[in-house]
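For the protein sequence lines, the chains are A and Z, in the order given.
Numbering follows this note's numbering, with no gaps: position 44 of the first sequence is 44.
Numbering follows this note's numbering, with no gaps: position 111 of the second sequence is 187.
Hints are computed from structural coordinates only; laboratory data are not their basis.
Warning: the hint list may mix true and false statements.
Pairs of lysine to aspartate or glutamate residues, derived as DMTMM-like cross-links and limited to a Cα-Cα distance of at most 20 Å, are as follows [to be verified]:
hint, chain 1, residue 1, chain 2, residue 2
1, Z, K142, A, D24
2, A, K13, Z, E279
3, Z, K142, A, E62
4, A, K13, Z, D246
5, Z, K142, A, E21
6, Z, K297, Z, D246
7, A, K13, Z, E221
Covered stretches of chain Z (in silico footprint by chain A; criterion: 3 or more residues with CB under 8 Å from a CB of chain A, positions within the stretch not fixed) [unchecked claim]:
hint, segment
8, 262-268
9, 271-279
C-beta atoms are modelled at their ideal positions from N, C-alpha and C, and glycine is treated no differently.
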Amino acid sequence: MPRYFVTTYDGFKASDRDGIELPDLDALEGVLRQTLAAIMHDEGRHPGRNEFWADALDERNERVMTARISMSVARP
Amino acid sequence: MFSPLIRKLGRGADLTQADHDRLTSLARTRCVGARQDIIEQGDRPEDVHLVLSGFACRYKIMRNGKRQIMALLVPGDFCDLHVAILGHMDHGIATVSPCTLAELPPTTVLDLTENHPRIARALWWATLVDEAILREWLVSMGQREADQQLAHLFCELLMRLRVAGVADADGYDLPLAQHDLGEVLGITPVHVNRTVQALRAAELIVLRGRRLDIPDVERLKAFCDFDPDYLHLVQRIA
Numbered sequence: 001m002p003r004y005f006v007t008t009y010d011g012f013k014a015s016d017r018d019g020i021e022l023p024d025l026d027a028l029e030g031v032l033r034q035t036l037a038a039i040m041h042d043e044g045r046h047p048g049r050n051e052f053w054a055d056a057l058d059e060r061n062e063r064v065m066t067a068r069i070s071m072s073v074a075r076p
Numbered sequence: 077m078f079s080p081l082i083r084k085l086g087r088g089a090d091l092t093q094a095d096h097d098r099l100t101s102l103a104r105t106r107c108v109g110a111r112q113d114i115i116e117q118g119d120r121p122e123d124v125h126l127v128l129s130g131f132a133c134r135y136k137i138m139r140n141g142k143r144q145i146m147a148l149l150v151p152g153d154f155c156d157l158h159v160a161i162l163g164h165m166d167h168g169i170a171t172v173s174p175c176t177l178a179e180l181p182p183t184t185v186l187d188l189t190e191n192h193p194r195i196a197r198a199l200w201w202a203t204l205v206d207e208a209i210l211r212e213w214l215v216s217m218g219q220r221e222a223d224q225q226l227a228h229l230f231c232e233l234l235m236r237l238r239v240a241g242v243a244d245a246d247g248y249d250l251p252l253a254q255h256d257l258g259e260v261l262g263i264t265p266v267h268v269n270r271t272v273q274a275l276r277a278a279e280l281i282v283l284r285g286r287r288l289d290i291p292d293v294e295r296l297k298a299f300c301d302f303d304p305d306y307l308h309l310v311q312r313i314a
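Throw the hints in and build the complete structure from the sequences for me.
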């Protein structure tokens, strides 16, 4: 199975040197969606933490996916 | 080889030398490699397993192949003391790292509980502590953010492994990969990596390979609001 190396960003950058083995890009998309949703669930409750990103590299160090989740709060 | 069990059960009851002798004469032992099933969901349980060295886990596999770990079993822990009462396993138990296990036939468990009152009391204590740990994990999954949840797990393991005599005052060997930690916490390995790095950046932990060191245990406890009361390490005063 291919190995992907995902980095998440917001206040700080967390790169994964171990990588994760996944069957295909659909599975990778599932992981990125679940991860960013969980990060938003945990950290989005803090004011000012409104946007989180992730990108994934393959074993040749080429970017194969990016993902972003954001929240906006308005007080009209 | 049985010292983790004796050390642990000694927290639950005042065991005598005769009790120690009975426990050290328990049944046969066997070595099992890492990531091997000890018993699978649906199996008919017979022998009771006791972890003497290494880490094992209690788990369920979902239809989509995802696995949830509901308990970590460390030296001195029984894998379901009274399981022989049940017709079949509703979950599986597997090793995480290479393990030494003791296998106790149901007759041995019956002897321990019926003929050795202090051991029986200690075994009940151990069962109640297992349930208390499960409750705390439920609280963690429902209420703690991932960084606090992971920190809480690290604090809990420090306490449990120290009781078993297999940890230092501020660190221990942690044979769990990011993937395993994700299955404990219910988060993706990517999220585990981010969480580990956040704890590391805050200088709350030092994780090198499979070794965890905690520079300031009280600071880590304060960070995740860890209160060891649920481990019931202090005996009730009659």
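Against the structure, the hints:
Note on Z:K142 and A:D24: the hinted pairing holds, with a Cα-Cα distance of about 16 Å set against a maximum of 20 Å. Straight-line distance between C-alpha atoms of A:K13 and Z:E279 comes to about 16 Å, which keeps the hinted pair within the 20 Å bound. Of the pairs offered as hints, the one joining Z:K142 and A:E62 is violated, with about 28 Å between alpha carbons and a cut-off of 20 Å exceeded. For the suggested pair A:K13 and Z:D246, the alpha carbons sit about 28 Å apart, so the restraint of at most 20 Å is broken.
For the hint linking Z:K142 to A:E21, the alpha-carbon distance of about 14 Å falls within 20 Å, and the restraint holds. Taking the CA atoms of Z:K297 and Z:D246, the gap is about 12 Å. The hint holds against a cut of 20 Å. As the CA atoms of A:K13 and Z:E221 are separated by approximately 18 Å, the hinted pair is consistent with the 20 Å bound. Given as covered by chain A, the segment 262-268 of chain Z passes the check, having 5 residues with a CB less than 8 Å from a CB of that chain where 3 are the minimum.
Coverage of a stretch by a chain is defined here by at least three residues with a beta carbon nearer than 8 Å to that chain's beta carbons; for the segment 271-279 of chain Z and chain A the count is 3, and the condition holds.
Taken one by one, the earlier hints fail for this structure at numbers 3, 4, listed in ascending order.
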